[in-house]
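> The primary structure of each chain is shown beneath.
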Amino acid sequence: MAQRRAPLEYNRMWQMRLWLFGVFFFLYAPLVALVAFSFNNSKRNTVWRGFTFDYYVKLFNDQDLLIAFANSLTIALLATLISLVIGALAAVLLWRYRFIGRTVVEGTFMLPLVVPEICMGVAMLLFFTRVLPWPNDLPWPLSLGSIIIAHVSFCFPFVALVVGARLASFNKEQDEAARDLGANDWQAFRDVLLPHIKPALIAGGLLAFTLSLDDFVITFFTSGPDTITFPVKVYSMLRFSVTPEVNAASTMLILLTIVLMILMMVMQSRGQKKG
Amino acid sequence: MATRTQERRLAFLATALPPIAWVVVFFLAPLAIVWAYSFGQNAGLTEVDISGTFANYTRALQPLYLGIFAKSIFVAGLTTLLCLIIGFPVALSIVFASEKWRAWMLLLIMLPFWTNLLIRTYALIAVLRTEGYVNFTLEWLWDNASWFMTLVGLQPLGDFTPLQLLYSNFAVVVGLVYVHLPFMVLPLYAALDRLDRSLIEASLDLGAGHLRTLWSIVVPLALPGIISGIIITFVPALGAYLTPDLLGGPDSQMIANVIERQFKKANDWPFGAALSFLLMYATFAAIALRAYYSRGSAAPGHGI
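So the sequence lines, in the order shown, correspond to chains B and E. Heads up, the first sequence is in my numbering, so the first residue is 2 and it goes up one at a time. Heads up, the second sequence is in my numbering, so the first residue is 1150 and it goes up one at a time.
Calculated directly from the structure, the hints in this document are not laboratory data. Fair warning: there could be bad hints in the mix.
Unchecked claim - Here are the simulated distance ranges between beta carbons:
| id | chain 1 | residue 1 | chain 2 | residue 2 | range |
| --- | --- | --- | --- | --- | --- |
| 1 | B | Val-36 | E | Ser-1247 | 26 to 32 Å |
| 2 | E | Ile-1436 | B | Ile-263 | 31 to 37 Å |
| 3 | B | Thr-244 | E | Leu-1166 | 47 to 53 Å |
| 4 | E | Ala-1192 | B | Leu-67 | 40 to 46 Å |
| 5 | B | Leu-182 | E | Tyr-1441 | 45 to 51 Å |
| 6 | E | Glu-1156 | B | Val-36 | 54 to 60 Å |
| 7 | B | Val-36 | E | Arg-1208 | 43 to 49 Å |
| 8 | B | Pro-196 | E | Tyr-1206 | 49 to 55 Å |
| 9 | E | Ile-1436 | B | Ser-170 | 25 to 31 Å |
| 10 | E | Tyr-1206 | B | Ser-170 | 46 to 52 Å |
| 11 | B | Pro-226 | E | Val-1368 | 49 to 55 Å |
| 12 | B | Asp-65 | E | Leu-1438 | 41 to 47 Å |
| 13 | E | Glu-1156 | B | Thr-104 | 22 to 28 Å |
| 14 | E | Ala-1170 | B | Ala-37 | 47 to 53 Å |
Just so you know, even glycine gets a beta-carbon here, dropped at the ideal spot from N, CA and C.
Full structure from sequences and hints, please.
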């Protein structure tokens, strides 16, 4: 006689366990295989031929790939900083002020979340070739400007959402108390509101950084021959051929994503404990 | 006191201007240009004459492009359905897991979500191609079956011909499900987590079976979340570019691929612009549907 289950213990049903195993296998097996074959000592990554770091060594000697990686990190960093300012201001604006057209403004801020990536990419392509042609001969970080702008446009709503959620838990009386005690708008913002939304800023910043680092479609339309990012470079590599080098490059990016995600969760749980 | 009002007004402007200016200049303006271009026509190699013509839209309504639209909607719909079927038990299981397991399972669902889309699609190429893991597994099974057949005195099965899984519509759907599963599981989880468990227990106590309880208690109560999940999955799947580009064959083009071609290869920007806006209208229609349904759930009397 099998052990009797309590009515809601679906997780002890073998069917459920099998299903979960299948789903997680489906989600992870391809990624695990990809990582494993980045260490495979063979040009064709089909059969295991022993362990090697060769492809990582190759990776670190591949000038183009390193430049693309540096570009990606720079873009993500700058886009995150700008997104934080724009996104936090957008959240504070919607939270604090009642003004004519507020719902329209709110809807417009959230629009980048729903516009299909391809449409946004196309729009950025048109904008940066016909309206604001981005000069080709700018010095390095400035040459990435068009990509950074495009990234901010789809990253800042995420920051605004995270900060907005945090603001909802803010006690407005604290703000009023600060003002009663003589603080002006700026001082009240800096000393009362900013410390409160700090965890949201960190979480939102990490979110924006990850999104920017991962973006392919929009960057594909805004990057030029001298402004290749890491995903765009990987795309051209794998269009060309499927080699363990692509696996190694992908593994590096997966690793970076995991680190960023752990950071994000640590920050979030710390913020929850404080709040 | 006038300075105080002035200061407040200044603070408002300092808060309002940067985000509004950004969204107008670097988001609405680019979209407006696409919209304007969709009413234009090519006049020379790089010149586009915005003449107010509807020719691009009439062309988009030709059977060829309508077919691609219909196909994109079908593929995105199938993806959404598969995600719902695969994801629902997973969401249910996360809700009923112990607190420690729940955190881990959510993490396991989110991690692929944060992993680069390009990398995940690339990982599937190695799984599905003719020299991929699926075909290796099948070949192994085939050989063993063949060996077993000879063992019991039957004809062997002959040589294994690998299945052409990659570069097909099948691969596109598998890829889209792979990529979009978290989009479905997370809203489902959020909806099921809010559910009052005593209702489920009551239904079971009163003699309904698990399936009946699921169908007549859990699903109706979680319906707003289910619809949310359906639309959150459907919208990005409809506009997918990378998955059909890398996993699809010549007959698995989706609408985003056609748009990309107009801009990068065919150099017909006005037509591409018209297609972009048609895709955008379809997306907005789906989102309006979601708003309509979630409004119904917020009405009094539902959430008690």
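> Tell me, in ascending order, the numbers of any earlier hints that this structure violates.
Going through the list in order, the structure violates no hint and respects every one.
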